[in-house]
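**Q** Sequential numbering from 298 applies to the sequence shown in our numbering.
These are calculated hints, taken from the structure and not from any lab test. Backbone N, C-alpha and C fix where the C-beta goes; we use that ideal spot for every residue, glycine too. Honestly, I wouldn't trust all of these hints.
[Claimed, not checked] Per label pair, the in silico range of CB-to-CB distance:
(1) Ala600 x Ala345: 38 to 44 Å
(2) Ala345 x Thr515: 52 to 58 Å
(3) Leu392 x Ala339: 54 to 60 Å
[Unchecked claim] Simulated pairs of lysine to aspartate or glutamate, DMTMM-like, Cα-Cα distance not exceeding 20 Å:
(4) Lys609 x Glu621
(5) Lys609 x Glu558
(6) Lys408 x Glu567
(7) Lys408 x Asp351
(8) Lys408 x Glu355
(9) Lys403 x Glu621
(10) Lys403 x Glu610
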Amino acid sequence: MKPVAVTVFVANLLASAPALGQDRRSSDTLSLAQAVTQARTANPMLRATRLRADAAWERVPQAGALPDPELSFGLMNRMVGSLRSTMDPMTMNQLQVNQMLPWPGKLAFAKNRAERLAQADQLDAEDAELMVVARVKSVYYELAYIDRALAIMAGSRDLLRDFAQVSQTMYAVGSGLQQDVLQAQVAVARMTEEITVMQQERVAMAARLNALMGRDATTSVGELELSPLGAELPEVDTLMALAVARRPRLQAARERVQAAEAAYRLARRELYPDLMLGASYGQRPAFDDMASLMVGIRIPLWARSRQLPMRKELQAMHAMADAEARDVYNETYAELAELRAGAMRSLNLARLYATAIEPQARASVEAALAAYRVGRVDYMSLVENQMTVNRYATESVRLVAAYHQAMAEVEAVVGAEPGGVR
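Work the whole structure out from these sequences, hints included.
**A** This is how it looks when you write it as C-alpha cells:
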C-alpha cells in the first residue's frame, strides 16, 4: 500500500471517530421518568414501608381506648347439700360488670405517643421512597454511562482493527515493522477485554435496575437517556435549610422525640391510681332483688421496683431520641457537604473536558495526522493519540453521569422533587 493511500485511509478512519460518543436513540428507550414511576409503584421494599406505616396508624385508636369492661355471672351462696334451694336470703343469681378508668391524662398521652410514632413511620416511608428514587436514578445513569462507554469502546476497537489491517499490509509490502503489527493486535485484544468486562457490568446494573423497579431481573433494559449538565448547586447552608424544612427523615426524628416525651409524661402518671368502677345485680327468687355499686383503686405498692424505674427508663429513652435527632441533623449536613462537593467536582470537570481537554486532544490528533503525512511520526503514535481522545470522551460521559448521580442523592437528602434544588 502506498504511503499516500495509507494516509487517506487513516484520515478517513479518524474523521469518523468524533461520532463514537454520540447518543443512540431507539424506539425502546426507557426514560428516567418511566423508571422512577415504575419503582414508586412496584418496588416491594416501598410497599413494605407503606404497610408498616398503615399498621402504625391502626395502633393509634387502640392506645386511646378504655380497657374492655369485665362482665361476670355467678350463682351466689348456694347450699352445698341442695344447690337448687333458694330459701336462704343470701342465695342469688348475680350479674356483675366492672370498668377500669385510667387516671386522667394517661390515655391522652398514650394516644399522643402512638400518633407520633405512626407519623414517624409515615415519614420513614416517604424517606424510603426518596432513597429508592435516588437509587433508581443512580443505577439508571450508571447504565446510561456504560452504554455510551461501550459505544465509544466498540468504535475504538473497530479503529484499532482497521489500523491493524493497515500495519499488516504495510509490513507485507516491506514499508512497516512487525512490531507495529503486534502492537496493533495487542491493542485490539485489550480493548476486547475491556468491552467484555463492561458488558458484564451492564448485565449486573440492568438486573439491579429491574429489581428496584419491581420487575423480573432478566427483563430487557433498552436505551437510556443521559440529560445534559445542569446548573450549580446552592451553598451547603442553603441546602441544609431546605432539608430541615422538607427532609422526611429529619421530621421523623423530631416526631420520635415528641413520642418519647409523651411516653415519659405517661410514665410519670403511673404512680397515680387507676379507678375501678363496678356494679352488680343480684336476683333472689324468694326475696327482693339486690344491687351493689363498687369503687376501687390500684395501689402502686411496688413503685420502687416498677413505676419509678419505668420513669427513669422513659427519661433515658427521651434523651436517647433527642440525641438521635441531633445525630440525624449532623449526618444530613455532612452528607450534603460531601454530595455537593462531588456534584460540583463532576460538573466542573465535565465542563473542563468539554471546553478544553477534548478539543485540545482532537487538535493533537489533527496535528499528529499532519505530521504523519510528512513522515515525522509513525502511525501508531497517531493511533495512540486517537485512543487518548476516546478515553477522554469516555471520562467526559462518566463525569456527566456522576454529576446526575450526585444530584439525585442531594435531592433525596434535601427531600425535594426532581430538580427542586437546582
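**Q** Next step is simple, just say for each hint if it's right about the structure.
**A** We went through each hint and held it up to the structure:
no., hint, result
1, Ala600 x Ala345: 38 to 44 Å, "holds, 41 Å"
2, Ala345 x Thr515: 52 to 58 Å, "violated, 23 Å"
3, Leu392 x Ala339: 54 to 60 Å, "holds, 56 Å"
4, Lys609 x Glu621, "holds, 18 Å"
5, Lys609 x Glu558, "holds, 12 Å"
6, Lys408 x Glu567, "holds, 15 Å"
7, Lys408 x Asp351, "holds, 16 Å"
8, Lys408 x Glu355, "holds, 11 Å"
9, Lys403 x Glu621, "violated, 26 Å"
10, Lys403 x Glu610, "holds, 17 Å"
Consistency note: the structure conflicts with the earlier hints numbered 2 and 9.
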